[in-house]
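Asker: Given next are the chains, with one letter for each unit.
2 protein chains.
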Amino acid sequence: MHDHSPHMPPAEFERLGAELTRWIVEHLDSAEARPVTAPVAPGEIYRAFPPSPPLEGEPLDALPGELDRLVVPGVTGWQNPNWFAYFPCNHSYPSILGELLSAGLGIQGMLWNTSPACTELESLVMDWSLEAFGLPDRFRTMPRDVDGPPCVGGGVIQDTASSATFCALLAARDRITDGVAGRDGVASCPTLVAYTSEHAHSSIEKACTMSGIGRANLRSIPSDPETFAMDADALAAAMHEDAEAGRVPFFVCATCGTTSSGAIDPTARIVEIAKRYDAWVHLDGAMFGVAAICPEWRWTLEGGAACDSICVNPHKWMFTNFDCDLLWVADRTALTRAMGIMPEYLRNAPTESGEVIDYRDWQVPLGRRFRALKLWLVYRHYGLEGIRRAFREHVAIAQEFADMIDAEPDWIRVAPSPLSLVCIRHRDGDERTQSVLEAINASGEAMLSHTRLHDEYVIRVSVGQTNTRLEHLERLFARLVAFGREPIQS
Amino acid sequence: MHDHSPHMPPAEFERLGAELTRWIVEHLDSAEARPVTAPVAPGEIYRAFPPSPPLEGEPLDALPGELDRLVVPGVTGWQNPNWFAYFPCNHSYPSILGELLSAGLGIQGMLWNTSPACTELESLVMDWSLEAFGLPDRFRTMPRDVDGPPCVGGGVIQDTASSATFCALLAARDRITDGVAGRDGVASCPTLVAYTSEHAHSSIEKACTMSGIGRANLRSIPSDPETFAMDADALAAAMHEDAEAGRVPFFVCATCGTTSSGAIDPTARIVEIAKRYDAWVHLDGAMFGVAAICPEWRWTLEGGAACDSICVNPHKWMFTNFDCDLLWVADRTALTRAMGIMPEYLRNAPTESGEVIDYRDWQVPLGRRFRALKLWLVYRHYGLEGIRRAFREHVAIAQEFADMIDAEPDWIRVAPSPLSLVCIRHRDGDERTQSVLEAINASGEAMLSHTRLHDEYVIRVSVGQTNTRLEHLERLFARLVAFGREPIQS
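So the protein lines, in turn, are chains A and B. Counting from 0, one number per residue, gives the positions in the first sequence under numbering that gives the first Met the number 0. Counting from 0, one number per residue, gives the positions in the second sequence under numbering that gives the first Met the number 0.
Keep in mind the hints are simulated off the structure, nothing from the lab. Heads up, the beta-carbon is just placed ideally off N, CA and C, and yes, glycines get one too. Everything hinted at is true.
Ranges of calculated distance between the beta carbons of each label pair, as one might list FRET restraints: (1) Gly-42(B) with Pro-224(A): 47 to 55 Å; (2) His-3(A) with Asp-402(B): 20 to 28 Å; (3) Pro-49(B) with Pro-135(A): 19 to 27 Å; (4) Pro-135(A) with Pro-149(B): 51 to 59 Å; (5) Asp-454(B) with Pro-149(A): 29 to 37 Å; (6) Pro-49(B) with Ile-411(A): 45 to 53 Å.
Chain A on its own, in the form it takes in the complex:
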């Protein structure tokens, strides 16, 4: 069957699969020995490859060596234990196996009918996750009891929180306009206004841009100067003012873990205020929503139970390969009415029966991968307790790091850091803080990123790579202190 065929013989796949599995282990085990920042100039990786695709197929026997030579120099160390930039985007061996399986099965789950297992295992891990994070049954996808009434809410895996938030905003837009915004366009509606904290993620602004609402109709609500959490009174005032002026408040995005400082907005109060206007409340738990898996941090999602939608990101801290964002909605019809399509060529009996979920109507794209496998394997391998143990270790070392900072006069901790993100600045001010960040990143010993809080340059130390231990933070601390005393590089 494979003679003279252009396709790869199975034996070669098995051999290369074993080699690459071994290569991945070696690559990850040696991560710490490589610079965290990729030491390449723009264009360097591109120019190392031939300028044209091969006319005839080439053997892949030398692949491990090629990867080391051509690709790895341009790989930034997200899986290096000295990774403290942006947010964790960690992974785990069980999750990698899940991606391998998903690729091997090669199904496309746009409809229930195009792979019931893809849809139903996804519904399952979404329901498992509700239990894991202590969220209520109103978000369930399948009834607990096989004979129970059909669920009104439900959950779906999205690629990212950006997409999840966009879907939530569209559902909100079409709910408040009774579908007019999607059908006749935003121009046929009264002026719709969205609200989020000044520290919310840029994806809220992008969602307003993409949806035709317009970024100018997103109100940036001030935050508490100590906690950086949204000022609920300011929200109430802004919504009131818009409503008085004849505009329609339709969407509020609360954040559980702002990018800049990890602040947790007062979601319960936000819901209370938003309800006066029938505005949709979305809780963006991309950064810290998964912390709720530990009972002692369940407060991070407080108020979430009453929201219209919530998303959290196992692909950040929870050992699940990017991409895996979990989105729940309390009213699935609001979502599918905004996102649904039904051309003739996709009609099928299970869909018409109304007994199944077609997740294509819960997202932007039509097609979808079998993402549930990786999350299923993460739950299977770790169990809830295994994940909790790993999270607690990360938070414990982040707290030790916060203590080191608090005991060091040169450095100032600038925001509460109850979990795994610690924001700091040098007492000498912006120039010094920035130069330390740049020196550390240039050294390749660690990677850091920054933000601005109270208009000051701030280094964010985000802990969460799978293998980060106290020793890595001790080394980072020593570098911060040392570089903070050197002459500033210009």
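Please build the complex by placing chain B on the supplied structure of chain A, with the hints as guidance.
Answerer: Coordinates of chain B only, in the frame set by chain A:
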């Protein structure tokens, strides 16, 4: 390091990796022995799993058996050679290895700076693909010559053509309104109108819904009754009428391979007409764009060279795992102006230098996987000639199947089928045609899907699964004839 750790030891990963690689081979080799349609009832897969996530981690030793028992019954046969439904979504061993590598590396390529290799290998395979499909240098991402002037256009890998088309429509919307639509909202703009063929994909309508343009402002242009390609004169008339009425034609989507019949729109003429109004022309080559890799089918993308954007889907026919859609734009600034964001926490020196691409600004989500690896390995393993050989075999057997239909009085071929999609109906009419489709799908021997053309129920026979050979089409033909003569099941 791994003692008492909740993480999986590397040796276990290597062992399970080898087992799952072997399992994938056996699963694919035995695909033909399983029903193509998944013989499960709604809820059956979900209910076979425990209702709650495990509290403590569980060994994964029994995984292969669990997959066979719990997951495979709900797997629809996209990789079964008797798959003729919807479109091919084939894959290949090199591509699966690419997904494994991407998962193992575990990087997130939102910025050039967060993994230069992810961005630059993507730019490389996009430029390779221009050569592969005979598209012009105006879509190049990196200059041919290292010292050449910077490129104006460029390419990016999207998850799906739905997302690619949505990005193109947003770029068009914000180009014609000089950014007002994104900033102040669609309500601040004149009435914007989009155009596409009545046979275009549902994602165009969805893009109009999501963008706030409104589905009502999408004109469904009639098609030629013989070829089902867009009637360019009707397009010209519709655009003229809207412009005369003070509305603003801003976006035309031409299709290379409509879902219903594989029709190829007259893109060159469409561009000529659209240019009168400065409307953006997007060529949706999701279905048949990749055929242009063969010189004899390069005509399928005719006119594409002059479009504002084009997308094609290696994840359909071209042995590359879903998801892998290639989107090119002639003016990258139009795209990044519509999709770009720059919060403080993502600022970095390479971005500010303007010398690098940050692909987050070329797509809906912020984060992104290392998708280029799988396409790179497909090109490496097959070479252009290997892909061509496989495509030619698929088209040759599809043509033989078309000949069988033409020689069989019971069945009528209802549309031109120059490539790998053959649309047929039974001479007895809709009820008979539908009953044959349902009988074949219920038998599990093959999977078919349908559409409506000239308001008649039509079976679409889409050829392209990696291992489909003539014998599979001969068997399908025999079943069509046999079921077509049996009493209709009600």
